[in-house]
Amino acid sequence: QKEVEQNSGPLSVPEGAIASLNCTYSDRGSQSFFWYRQYSGKSPELIMFIYSNGDKEDGRFTAQLNKASQYVSLLIRDSQPSDSATYLCAVMRNYGGSQGNLIFGKGTKLSVKP
Amino acid sequence: NAGVTQTPKFRILKIGQSMTLQCTQDMNHNYMYWYRQDPGMGLKLIYYSVGAGITDKGEVPNGYNVSRSTTEDFPLRLELAAPSQTSVYFCASSYEGGTEAFFGQGTRLTVV
Numbered sequence: 023q024k025e026v027e028q029n030s031g032p033l034s035v036p037e038g039a040i041a042s043l044n045c046t047y048s049d050r051g052s053q054s055f056f057w058y059r060q061y062s063g064k065s066p067e068l069i070m071f072i073y074s075n076g077d078k079e080d081g082r083f084t085a086q087l088n089k090a091s092q093y094v095s096l097l098i099r100d101s102q103p104s105d106s107a108t109y110l111c112a113v114m115r116n117y118g119g120s121q122g123n124l125i126f127g128k129g130t131k132l133s134v135k136p
Numbered sequence: 063n064a065g066v067t068q069t070p071k072f073r074i075l076k077i078g079q080s081m082t083l084q085c086t087q088d089m090n091h092n093y094m095y096w097y098r099q100d101p102g103m104g105l106k107l108i109y110y111s112v113g114a115g116i117t118d119k120g121e122v123p124n125g126y127n128v129s130r131s132t133t134e135d136f137p138l139r140l141e142l143a144a145p146s147q148t149s150v151y152f153c154a155s156s157y158e159g160g161t162e163a164f165f166g167q168g169t170r171l172t173v174v
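Read top to bottom, the protein sequences are chains A and B. For what it's worth, my numbering labels the leading residue of the first sequence as 23, then goes sequentially. For what it's worth, my numbering labels the leading residue of the second sequence as 63, then goes sequentially.
By construction, these hints were calculated from the structure, which means they are not laboratory data. Hints are supplied without guarantee of correctness; some may be wrong.
Stated by the list, open to error - To give a feel for the contact side, a few chain B residues facing chain A, derived at Cβ under 8 Å:
1. 103
2. 112
3. 120
4. 122
5. 125
6. 126
7. 157
8. 159
9. 165
10. 166
11. 167
12. 168
Claimed, not checked - Here are the simulated lysine-lysine pairs, BS3-like style, with alpha carbons at most 25 Å apart:
13. A:64 - B:106
14. A:131 - A:64
15. B:71 - B:119
16. B:106 - B:76
17. B:106 - B:119
18. B:71 - A:64
19. B:106 - A:131
20. A:89 - A:78
21. B:106 - B:71
22. A:78 - A:131
23. B:106 - A:89
24. A:135 - A:89
A virtual CB, placed ideally from N, CA and C, is assigned to each residue, including glycine.
Looking at chain A on its own, in the form it has when it is part of the complex (with noise of 0.2 Å):
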């Protein structure tokens, strides 16, 4: 069973933290990872992906990939009571069996306070 595990938080940060959202996979031949926010009654939008080990940047978002620990996390730096939403971990296998399988996790809801 491939399993995509998030804590659902809340996960609680001030303005101008670091808020840092962890995500563990289950399934070795996940090649593609990805981080969507999705706010309250709309549908999710892309933050971030990734698809080798180390870290990635893009503003203040950062994704860091560790696939031998079968980890990826998303750090947003600067948290802005924007961001809060819920945060999304997904995860693809892009060849052999089950090719094209995007799996989600349940999501971190992130609420960033004034």
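Use these hints to put chain B onto chain A, whose structure you have.
Same frame as chain A, but now just chain B:
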């Protein structure tokens, strides 16, 4: 450029009724997906397709059927609606594996 369009936005079904949720995309994406999202939960993959004529089961396929006769359309069929199928349904598409998935606005389905 409409992106991913789902219809209807809302629907109430009676137990045992059938319906089709429509999904169409105009981005020439090969991959399409159907998810359901229960309150406070993440997205559960129902079915997905990596191209026209190719579909595969996801995590929770029971009670649903799909077809992919064209690149643009990926309808989801509920044959005998049950209260357990009350959920928000999202359709998504991506150009290929490993690329960003774009989501439709969702269909809120209630089975009573």
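Checklist entry - Minimum Cβ distance from residue 167 of chain B to chain A below 8 Å? => result Given a least distance of 6 Å, the restraint on residue 167 of chain B holds.
Checklist entry - Do the alpha carbons of residue 71 of chain B and residue 119 of chain B lie within 25 Å of each other, as the hint requires? => result holds, 24 Å
Checklist entry - Keeping to a limit of 25 Å between CA atoms, is the pair of residue 106 of chain B and residue 119 of chain B held or broken? => result holds, 11 Å
Next on the checklist: Against the 25 Å threshold, does the CA-CA distance of residue 106 of chain B and residue 76 of chain B hold or violate the hint?
Outcome noted: At roughly 23 Å apart (the allowed maximum being 25 Å), residue 76 of chain B and residue 106 of chain B satisfy the hint.
Checklist entry - Do the numbers back the hint for residue 168 of chain B, that is, is its least Cβ distance to chain A under 8 Å? => result holds, 6 Å
Checklist entry - Against chain A, with CB atoms and a cut of 8 Å, does the hint on residue 157 of chain B hold up? => result violated, 12 Å
Next on the checklist: Interface hint check: residue 166 of chain B, Cβ to nearest Cβ on chain A, cutoff 8 Å. Holds or violated?
Outcome noted: Because about 7 Å separates residue 166 of chain B from the closest Cβ in chain A, which is inside the 8 Å limit, the hint holds.
Next on the checklist: Does the closest beta carbon of chain A sit nearer than 8 Å to the beta carbon of residue 120 of chain B?
Outcome noted: Status holds, d = 7 Å.
Checklist entry - Within a Cα-Cα threshold of 25 Å, do residue 106 of chain B and residue 89 of chain A meet the stated pairing? => result holds, 23 Å
Item to check | Pairwise hint evaluation, residue 89 of chain A against residue 135 of chain A, where the allowed Cα distance is 25 Å at most | outcome: violated, 33 Å
Checklist entry - Going by Cβ atoms only, is residue 112 of chain B closer than 8 Å to chain A? => result holds, 4 Å
Item to check | Pairwise hint evaluation, residue 131 of chain A against residue 78 of chain A, where the allowed Cα distance is 25 Å at most | outcome: holds, 22 Å
Hints 4, 5, 6, 7 and 24, counting from the list given before, are not met by this structure.
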